[in-house]
Amino acid sequence: MREYFRSIWNFRYFWMSLVRMDLRSRYRRSVIGMGWSLLHPIALTTTICVVFHQIFQVDIRHFAPYLLAGIATWGYIVSSTLSGCESYIQAESYIRQCPAPMAIYPLRTTLGTSIHFLLAMSVVLVMAVFFKPEVFNLVALATLPATLVMLFAFCWSLAVLGGLMNVFFPDTKHLFEVGFQILFYLTPVMWETRMVSDPFLALALQCNPLVHVLALIREPIIYGRVPSLMNYCVSCGLVAFFLTSASYALYRLQRKVVFYL
Amino acid sequence: MAKIELERACLTFRVRKHDRITFKEFLVRQMYRKSINPVMKVRALQDITLQIKDGERIGVLGHNGAGKSTLLKLLAGIYPVSRGRRYVEGRISSLFDIALGFESDATGYDNIYFRGYLQGETPASIRNKLPAIAEFSELGDFLNMPVRYYSAGMMVRLAFSIATAIEPEILLIDEVFAAGDMAFQQKARQRMREMINQAQLLVFVSHDMESLASLCQKGLWLDHGRVRRFGPIDEVIQAYQASVLDSQPQAA
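Protein sequences appear in the order of chains A and B.
Going letter by letter, the first sequence gives residues 1 to 261 in my numbering.
Going letter by letter, the second sequence gives residues 1001 to 1252 in my numbering.
Treat the hints as calculated values from the structure; they're not laboratory data.
Every value quoted in this text rests on a predicted model; they were computed, and no experiment measured them.
Heads up, a few of these hints could be off.
Claimed, not checked - SDA-like, lysine to any residue: derived pairs with alpha carbons at most 25 Å apart:
1) 256/A <-> 171/A
2) 1129/B <-> 38/A
3) 256/A <-> 1015/B
4) 173/A <-> 38/A
Stated by the list, open to error - To spell it out: a stretch of chain A is covered by chain B in this simulated footprint if at least three of its residues, at any positions, have a beta carbon under 8 Å from a beta carbon of chain B; those stretches are:
5) 12–26
6) 145–153
7) 157–170
8) 246–259
Note that beta-carbon positions come from the ideal geometry of N, C-alpha and C, so glycine has one too.
From just these sequences and the hints, can you work out the full model?
Here it is in structure tokens:
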């Protein structure tokens, strides 16, 4: 185990330089650089806000930061998984040349999406402070770093699982896309749990563990509250489950990857 | 101290008759159609027992598909052994598939860094070697261009220059480099000789008996994934050539 972490560390220059290259090519393609890639979540937020304001008369001051936080977090999870699906295929020539630990290729893609997520989150923070200065609560915000670490572990695990599965079954990425599309409507990304009037349905939705993951991000930023113990328990359980699965899958399958590329 | 040991090492590939199966197919197949896309076993290497010590230079020969390249990849640690044991001591550097694996959007210089890091270099050590690599490749200003605009020969030049810029303990080489123009091939041979002299241990796969005889002391003749003969290079080459000549009249 320690040996494995050491070898990941020994290859640090390799994967860090690839992450740097990914970021550079992502942000260089346009004149406004970083702004351009943030435009997508912001445009989506603006559109949904305008539409929901018209139909449901939602309060934009509250809803805009709420929505952007949701879209950014959801986008982080989805893009980490989907780019993770590609991670081994993309790295085929490196895998065929050098016996580097297989954990580093999903690490590369996840680090890329993480940095993008941090940028989006800083926009959310600014927006929240601007729209809802009254809820600003430093104690609550201090819980965010731990949440980010957990989210990172979650996304890396998904990337590993997606990547390994995609090596063995080439339709994995497509299945994940469909699955995420369905989950998107089952998760309060662009609606609020309190919009659901049926109490039974509301209870059923609480069974979705992603509700609690989103709460870890939203509670401190949007409501100025420390997330509940329940939020932490469910999220930790979810992350632990995926982290264990991903580590076990890596342990069992990483030597076989080269045969299936 | 460099050392390679294989103890009854086997490598079996499991190949599907048709393409990879999709996940949907996998679920369906489990239920009712089992044998449409069967798995075939290919015994690529069987019961290879080898001990290569510091200072030895081994030439590997055999006909196409005998398992020579697979053996090198097994030694390099890219393929795991299916059975048996592999033990390697020393820093390995390998020259095979070298034209593969550039980041095509990145410039030549950036790719020198990526490859270098993969070979275990640090930013400082590459910076020291950068001028030498650039000079040896003779690519000049092209190194500031994305690799996607390179010709095949230019990629080989770059790959070879990077791969040979290190001081390896164990050197694994697959075939001589056919690509590149005449002048570069000359240069490449010269560079390889220098590297071979520096390396503490060499395993060299080639079909060129002359270079095998001049570079190696010991020969390893592989036949259908098994060791047919392992001994002084001259003897092994003679035996190999004799068997090839023997089989010729029958084939004709």
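For each hint, the structure was consulted:
| no. | hint | verdict |
| --- | --- | --- |
| 1 | 256/A <-> 171/A | holds, 19 Å |
| 2 | 1129/B <-> 38/A | violated, 39 Å |
| 3 | 256/A <-> 1015/B | holds, 12 Å |
| 4 | 173/A <-> 38/A | holds, 24 Å |
| 5 | 12–26 | holds (count 6) |
| 6 | 145–153 | violated (count 0) |
| 7 | 157–170 | holds (count 4) |
| 8 | 246–259 | holds (count 3) |
Hints 2 and 6, counting from the list given before, are not met by this structure.
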